[in-house]
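A.B. asks: Input sequences plus hints: build the corresponding full structure.
Chains A and B are the protein sequences, given in the same order.
Using our numbering, read the first sequence as starting at 1213 and increasing by one per residue.
Using our numbering, read the second sequence as starting at 1213 and increasing by one per residue.
Honestly, the hints are just simulated from the structure, not real lab data.
Please note: incorrect hints may appear among the correct ones.
Since the list gives no way to pick out one identical chain from another, each pair is judged satisfied if it fits inside one copy or across any two copies.
Unchecked claim - Below are the DSSO-like pairs computed for lysine-lysine, each with C-alpha atoms no more than 27 angstroms apart in a straight line: (1) 1322 <-> 1299; (2) 1363 <-> 1403; (3) 1403 <-> 1364; (4) 1285 <-> 1360.
There are 2 protein chains.
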Amino acid sequence: MDVLELIAGIVRTDQNLIQSAEELDKAIDHIVQLIQDSCCLFMNGSYPTSAFLSITACEEVAKAHIGSFTDGKHPEKSGRNFFRDHKTKHQMAALPTVPMGQRLQDALGKAELQRLMNMAQHAGFVQARENALYFQREKGSLVIPVEKIDKKLTRSLALFAIEVFDDALVGRTNHSYEMDDITDALFEQIKNT
Amino acid sequence: MDVLELIAGIVRTDQNLIQSAEELDKAIDHIVQLIQDSCCLFMNGSYPTSAFLSITACEEVAKAHIGSFTDGKHPEKSGRNFFRDHKTKHQMAALPTVPMGQRLQDALGKAELQRLMNMAQHAGFVQARENALYFQREKGSLVIPVEKIDKKLTRSLALFAIEVFDDALVGRTNHSYEMDDITDALFEQIKNT
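C.D. replies: Shown next as structure tokens:
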């Protein structure tokens, strides 16, 4: 099921995940903390953990954004909550408006931005998330996160997460504009690496 | 099934998760990076993300330790790999030798150390891990990680993760002693907060 169809098919309830502007602001504070943590570790050269946190920030943006209209009950699959499914959250973060931002296009280049959108839409973030956190055996050898997640991907994920936040949540409350000053500064800092 | 029974019942294979000293050293480098990331974010005041990374470090220690003897196939539950189960990894990290270390007892106090052992053994780390990363609704309100994970728990988890690493892995290779210098310095730094 396409994610836009899924969103269109959501049954509105009065039990939304986010139920007020105050709650949205709390979620925004949490998301900006994740983005700050990701950027701090990126600047320290700890790329895999940074990448994991950028992907987590994208998930939390999707919950805060779409969760303003729904409690997450899947419209077709009984008993399933799509806010507990990593792949669906990644798809709900990578909406078609994200790559339209000129700032992200300029910072990543069109090809890299398209790679990120494809990853988010086709479970590439699910795989990257696991690869970023855990060691594992692969084709007969032990592989650790630093061998799977490089600086380029980590930089792209941090900038992508900031743009996803900006696109989905900034402008919805006054507080979101204040927090946007923090993430705008981080975007510039990471862009110039 | 008690975790010591589980470990005793493990069927030895020649397909262990860790198959050489070189592989163990790679896993150690990855674990020490997680500990460094956790301590960096703790010193920055980002407690929930730090707590999440300390718990992840414990999981990876358990995999590197027990994974030197097994591929993780569950001895009784067909098709299950216990290295993919968070609760089992937490139990395998919190072995009875961990609270015997004088350094950890001195830094946490006996009651706090017992609280951490209980959490690790009875799915408390599973809950803390989720609470540290994601916002959620609870009893009619939105709750964000910073409301669930405080400085005291985060400090305890960072020190606990360092001791778990030290207890299970330091001494097994020459490289582990070098990495222990890094984590010993972090232990002192975090202890004095």
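A.B. asks: Any hints this thing doesn't respect? Which numbers, in order?
C.D. replies: The structure conflicts with no hint, since it agrees with every one listed earlier.
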